[in-house]
Amino acid sequence: MVSHEAQVHGSHVALQHHFDDLEQQREASTFGMWVFLCTEILFFGGLFTTYVVYRQRFHGVFAQASRDLNVVWGGTNTAVLICSSLTMALAIWSAQINRRKLIVLFLLITMAFGLTFLGIKTIEYKEKFDHHLVPGPHFHYVCPPGEPCHPEQAQVFFSLYFAMTGLHALHMVVGVGLLSYLLLPSWQGRYTSEWHNPLECIGLYWHFVDIVWIFLFPLLYLIGAH
Amino acid sequence: MSSTMAEPAPAAHTPSRKPYFLTCAFLLVMTLITYVVAKFDLGPLNDVVALSIAVFKATAVVLFFMHVRHSSKLTKLTVVSGFLWLAFMIFITMSDYWTRGWLDTFASGR
Numbered sequence: 112m113v114s115h116e117a118q119v120h121g122s123h124v125a126l127q128h129h130f131d132d133l134e135q136q137r138e139a140s141t142f143g144m145w146v147f148l149c150t151e152i153l154f155f156g157g158l159f160t161t162y163v164v165y166r167q168r169f170h171g172v173f174a175q176a177s178r179d180l181n182v183v184w185g186g187t188n189t190a191v192l193i194c195s196s197l198t199m200a201l202a203i204w205s206a207q208i209n210r211r212k213l214i215v216l217f218l219l220i221t222m223a224f225g226l227t228f229l230g231i232k233t234i235e236y237k238e239k240f241d242h243h244l245v246p247g248p249h250f251h252y253v254c255p256p257g258e259p260c261h262p263e264q265a266q267v268f269f270s271l272y273f274a275m276t277g278l279h280a281l282h283m284v285v286g287v288g289l290l291s292y293l294l295l296p297s298w299q300g301r302y303t304s305e306w307h308n309p310l311e312c313i314g315l316y317w318h319f320v321d322i323v324w325i326f327l328f329p330l331l332y333l334i335g336a337h
Numbered sequence: 002m003s004s005t006m007a008e009p010a011p012a013a014h015t016p017s018r019k020p021y022f023l024t025c026a027f028l029l030v031m032t033l034i035t036y037v038v039a040k041f042d043l044g045p046l047n048d049v050v051a052l053s054i055a056v057f058k059a060t061a062v063v064l065f066f067m068h069v070r071h072s073s074k075l076t077k078l079t080v081v082s083g084f085l086w087l088a089f090m091i092f093i094t095m096s097d098y099w100t101r102g103w104l105d106t107f108a109s110g111r
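Protein sequences appear in the order of chains X and B. Each residue of the first sequence is one higher than the one before, counting from 112 in the numbering used here. Each residue of the second sequence is one higher than the one before, counting from 2 in the numbering used here.
Chain B on its own, in the form it takes in the complex (with noise of 0.2 Å):
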């Protein structure tokens, strides 16, 4: 961790301002594409952009305005743990409704 400060910093990076309106420059302008984006019509692609879009501007908020960037390994991994666990209990629960209509062709001998 290069520190230019003459004494060092109790959270271990040094008080710049610049990152954070930076990250809030880039959330703006995703926000704007995000809208922008909204109003072509991709098929099934839309709420993939859209998501993808939200699943980047959310990792910004958490390394450079929720400082993760700079934190312990603990944190990190809470962190991560926390939302593969959001990732787990819908992607589980959708493996469940995608496949219902199986059972039916399965049934019928095809």
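One chain only, chain X, in its complex shape (with noise of 0.2 Å):
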């Protein structure tokens, strides 16, 4: 489907020689975008999988070592990550209603609340190497009296804990480069209601890290909480 202003604009700025028109354009970057994610999906499927057989096999293990997760900073983090993918939404809607400042204001406020996550992820860290529950030479886990006690295999658990959460956390790092990379373009006004792809794609990838936080949480902070 060509579309009228696509037709109208047949030489835009923004059209690749290879491409017929800015719709197939569209349409190629967003299908090669999905397919970097489904890799992206696998890569973090390696972990879930992991995740699920040691929760299986350490399966009240888990859920004890679980509660010293901070379910607050977890949760509000979770919140963050909602609002930030509402804003990085309304960056692209700011684009198709040809508003470049509004573009400029919504990424930055997405960043901000990228950064915030950031922000309590590293509060959270630093709890974890206080209390001696970063794995290695150093791991020290107190067992809640009266409960069956196997720091080993929560020692499995916060591994999990911080390589899920660390590859999360890099991708998050990852995603706010990328929003600060839009932040020029976006007020020089390259960004329009006709060609707005690069705000899609990177909007798709922020997207998806909000859905892999969407699954971590439940799985690391909420299954020792009853």
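Everything labelled a hint here was simulated from the structure, so no lab data went into it. Heads up, the beta-carbon is just placed ideally off N, CA and C, and yes, glycines get one too. Be a bit skeptical, because a hint or two may be false.
[Claimed, not checked] Chain X side only, calculated, beta carbon under 10 Å to chain B, not exhaustive:
1. 126
2. 130
3. 146
4. 150
5. 160
6. 169
7. 197
8. 203
9. 315
Using the hints, put the two standalone chains together into the complex.
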């Protein structure tokens, strides 16, 4: 389907020579981004599979060790990421209605949410270092009195906690970097209702990272809440 | 596709903010629900309920925030295949772990 606008502006500045029109170019890059996200699903999927294997093997101790995570911080971060996904979607909406300053504003708010998430994560990680819950030679898990005591199994839980949240936090850092890369072209008015696919694709990445956290939050923070 | 706009939108959907705010509200409410539900011991259903809520939330993000609702069939197929392959990986791996004990049962003649 060739859009009316793309026909009028057949030689749009963003149109690459190997595409017929902007619609074809948009479709191709969205497809490409989703193929990349499929590899990301399996990248995180390896860790999720590992989690499922050990969660069923060390079922009780995982729930026990999970209580050492701070549900308030984890829940706050979930809300922060959901709000950041909203502002990311609104940045694209701003491009659809041709409001370049609004795009920049929403991108900055999204980045602020992202940095807030990373700040809270830093506080949580510091707590774990202080309480000797970081796997390694200084790992020291104090079992709750009157419960089965398997510090080595708890260490597996915290290994997975750091691997999964660490990989996720790395994606957040990359995401904030990608958003900052969008700021200047947005300000220059290069993203309009006709063409804003870089916003769309980086938005897809941002929402994907949100989805990963949507699964990490219950699996890591809530399994021992009852 | 019913479009009330004077010009046809390139992304084939009218730029309305409302679905985004509704999705965000839905996700926040579901987060609260999953937190409250986790306080009750539902036995083996604990993980099932928590993951079901997470799947609902992820679906909302994919459909509305990621615009898959309005995407081409090729994109939809790609999205489904991505999560399908994840399901394959987890299911085939777990089918090994779940059935390992059966070997001993067979070997000892039950």
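Comparing the hints with the structure gives:
Hint on residue 126 of chain X is violated. Least Cβ distance to chain B is approximately 13 Å, over the 10 Å limit. With a cut of 10 Å, the hint placing residue 130 of chain X at the interface with chain B is violated, because the nearest CB-to-CB distance is about 14 Å. This hint holds: residue 146 of chain X has a C-beta 6 Å from the nearest C-beta of chain B, less than the 10 Å allowed. For residue 150 of chain X, the interface hint holds, since its Cβ comes within 10 Å of a Cβ in chain B; the closest pair sits about 8 Å apart.
Given the 10 Å rule on beta carbons, the hint for residue 160 of chain X holds: about 5 Å separates it from the nearest Cβ of chain B. Hint status for residue 169 of chain X: violated, given a least beta-carbon distance of 13 Å to chain B, over 10 Å. The closest approach between the C-beta of residue 197 of chain X and any C-beta of chain B is roughly 4 Å, which is under the 10 Å cut-off, so the hint is satisfied. Restraint check, residue 203 of chain X versus chain B: the minimum CB separation of about 8 Å is within 10 Å; hint holds.
Interface restraint check for residue 315 of chain X: the shortest CB-CB distance to chain B comes to about 6 Å, inside 10 Å, so the restraint holds.
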